[in-house]
Every structure is written in structure tokens, then in C-alpha cells.
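Chains as they are written, first to last, in the working numbering: chain Z, 1 to 157; chain G, 1 to 157.
Hint data in this document are derived by calculation from the structure and do not stem from the laboratory.
Possibly wrong hints are sitting among the right ones.
All copies of an identical chain are treated as equivalent in the list; a pair is satisfied when it fits inside any one copy or across any two copies.
What the hints assert, rightly or not - As a list, the in silico DSBU-like pairs of lysine-lysine whose alpha-carbon atoms are at most 30 Å apart: (1) Lys33 to Lys128; (2) Lys128 to Lys7; (3) Lys128 to Lys48; (4) Lys48 to Lys33; (5) Lys98 to Lys48; (6) Lys98 to Lys7; (7) Lys97 to Lys113; (8) Lys33 to Lys113; (9) Lys154 to Lys81.
Spelled out from the first residue to the last, the chains are:
Protein chains: 2
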Amino acid sequence: MEIRNVKSSDYYIISPLINEWWDGREMSNKLPKLFFDYFNNTSFIAEKDGEIVGFLIGFLSQSDTNVAYIHFVSVNPEFRKKQIGRRLYNAFFNSIKKNNRNVVRAVTSPVNKASIVYHTKMGFNIEKGDIEIDGVSVFSDYDGINQDRVLFVKKTN
Amino acid sequence: MEIRNVKSSDYYIISPLINEWWDGREMSNKLPKLFFDYFNNTSFIAEKDGEIVGFLIGFLSQSDTNVAYIHFVSVNPEFRKKQIGRRLYNAFFNSIKKNNRNVVRAVTSPVNKASIVYHTKMGFNIEKGDIEIDGVSVFSDYDGINQDRVLFVKKTN
Chain Z
1 MEIRNVKSSD
11 YYIISPLINE
21 WWDGREMSNK
31 LPKLFFDYFN
41 NTSFIAEKDG
51 EIVGFLIGFL
61 SQSDTNVAYI
71 HFVSVNPEFR
81 KKQIGRRLYN
91 AFFNSIKKNN
101 RNVVRAVTSP
111 VNKASIVYHT
121 KMGFNIEKGD
131 IEIDGVSVFS
141 DYDGINQDRV
151 LFVKKTN
Chain G
1 MEIRNVKSSD
11 YYIISPLINE
21 WWDGREMSNK
31 LPKLFFDYFN
41 NTSFIAEKDG
51 EIVGFLIGFL
61 SQSDTNVAYI
71 HFVSVNPEFR
81 KKQIGRRLYN
91 AFFNSIKKNN
101 RNVVRAVTSP
111 VNKASIVYHT
121 KMGFNIEKGD
131 IEIDGVSVFS
141 DYDGINQDRV
151 LFVKKTN
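With the rest of the complex left out, here is chain Z:
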């Protein structure tokens, strides 16, 4: 398996797959093409035998020169439990290290239990929000009305 940087044309392969990889949740609208055009040096594709099996879209904060943000990560369900996610995160961590960043942020929906477990396993801490859902601290209405979010942060290096 190969990890490489995202290129713009990957959008047209990945976008139609996203909802399927997310168990039918409408997720592709969270990932317009701009994310494949402007953050290529901190975004990565996992490819096996020429087929895209996972990807990570991340970028450097312009506002805080210590911080980087992971917007979206997904792995083809048929290729899970193979450390593909870990390799994508590590590629991202390496890319931000080159840019002298040592704080990584990410958010997820409280409903996405797998993501919460995964980020915790990867060493992310959960920030203290204003409510608790199933024992996890959550920021209510963080991304709009009824759009609660779990906020992750990890210090790298």
C-alpha cells in the first residue's frame, strides 16, 4: 500500500464513494472540491494496487501558527483494521512537523462512536464542552443548531 499526497482529480473518484463508506450518511457535502485543490501538501491518499482505499484531508491553520486541523478521514470499510488510518494520520503528523506545528485539532459528531474511540486511541484528548452524551463531553450546537460536536486536540512532537 502506498501513501501519497492528494491531487485535485482525486475528488472525482472519492466524492461518489464517501456516503457509501459512511454507511449511507450524507457526508459528501462536507467535502466540496476546494478541499482537494488547496491543501494538497497536508492531505493524503492511501492506494492499493492503484485503487484509492482511504484518504485524509487536513490543513495548517492560518490563524495560529502552532495549529493544524484534520477535516475529514475515511477508509473503505473493506480495508479497515489494516492500519491504513494510522498511516494516513502519521503522514499528516509528519507533514505538519515539517511546518513546525505541534497541535492537531479535529471534530466529530457524538453519534460517531468509532471516531471517538479511534481518536482517543491515537492519543487525542477530548476538550471539555457544555454537555455530556454517553459519557463523552460535547459542545452543543457547535456547528449550527442541533449540530453537536466532540472536539479533539493532540500535541505532537
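Got chain Z; can you put chain G on it based on the hints?
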């Protein structure tokens, strides 16, 4: 009227207004909170007597060090025809000049005739797509199936 940089908390004032400012089109989901957190130095608010009357969210490309991108611009309909949009664009152009960028890109939906007219008036060129709609060149399925887009580009400096 005052133009200032965006801050994170502006999201909670602006997000509930967006669909209303866009004649009821569902647009707020194109603007998650991350756009108010990570690109503050190239994103701007227009305020009159302490009330937000317009905003521009833009960022620097990480992939191409000449390029900057305008993601979203909106002005309260009650405050249009007052050059607020122009002042927001000019604030953005100044901010990217400081970062040695001289190419600005933006996209819009073909249905948004006002945006097409406005960008043309502001000196943006329309890139040649694969189809034409009402005399305007368009990239079909650019942002996903049935998500056609008009692509704008402007050289500044």
C-alpha cells in the same frame, strides 16, 4: 461602517442569518465553523453600529503559493448597493498582497446570476468550462453530481 478580521465567535451570529440573506437557499451547511477558526487573517466582517452586515471568508492556498481563494461572501440584503461587498473584497485583496499572492479564485453556481455579474464587474474572468448555461461557460458536475459551477479567476497587483 467598519471592516475587521473575522473571529471564531462571529460564526454564531452569522450562521443563523445565512439562509435568510440567500433568499432561503440552504447555504449555511457550506460554511461549517472551521472557516471561522482557521483563516481569520484573510477573512473579514463588515459591521455597522455594532451589527454584522456582511462578511467574506477567504484563505491562502497551501498548494500554490501564488493563489488565494474566496469561499463565501454575503451581504445583508437590506445593506446592498452600499459598496460593502467591494470593501470586503478590497480588504481581502490587501491581505493576500501582504502574503505575496496575485491570483484569486472563486466559484459560484450558474443559478447565481447576481454573483456572476458581480465578479465580472470586480474584474474576475470566467474560466472556460465544458458546457454553457445562459451564455456563461460552466464546469458541469464540478462540485459533485448536478453541482455545476462557474469558475472565476482574477490577477491582482
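**Prompt:** For the identical chains here, do Lys97 and Lys113 meet the 30 Å Cα criterion within one copy, between copies, both, or neither?
**Reply:** Within one copy only: 28 Å inside, 44 Å across.
**Asked** Within a copy, between copies, both or neither: where do Lys128 and Lys48 come within 30 Å Cα-Cα?
**Response** neither (38 Å within a copy, 35 Å between copies)
**Request:** Measure nothing new, just compare the shortest in-copy and cross-copy C-alpha distances for Lys48 and Lys33 to 30 Å and report within, between, both or neither.
**Result:** within (23 Å within a copy, 34 Å between copies)
**Message:** Treating 30 Å as the Cα threshold, decide for Lys98 and Lys7: within, between, both or neither.
**Reply:** both (20 Å within a copy, 27 Å between copies)
**Item:** Within, between, both or neither: Lys128, Lys7 at alpha-carbon 30 Å
**Value:** between (36 Å within a copy, 21 Å between copies)
**Item:** Lys33 and Lys128: within-copy, between-copy, both or neither at 30 Å Cα
**Value:** This pair counts as between: shortest inter-copy Cα distance 17 Å, intra-copy 32 Å.
**Item:** 30 Å Cα threshold - placement of Lys81 relative to Lys154
**Value:** within (22 Å within a copy, 46 Å between copies)
**Request:** Measure nothing new, just compare the shortest in-copy and cross-copy C-alpha distances for Lys98 and Lys48 to 30 Å and report within, between, both or neither.
**Result:** Within one copy, since 26 Å is at most 30 Å while 42 Å is not.
**Request:** Please work out whether the CA atoms of Lys33 and Lys113 approach to 30 Å or closer within one copy, between two copies, in both situations, or in neither?
**Result:** both (27 Å within a copy, 21 Å between copies)
Going down the numbered hints, you'll see the structure goes against just number 3.
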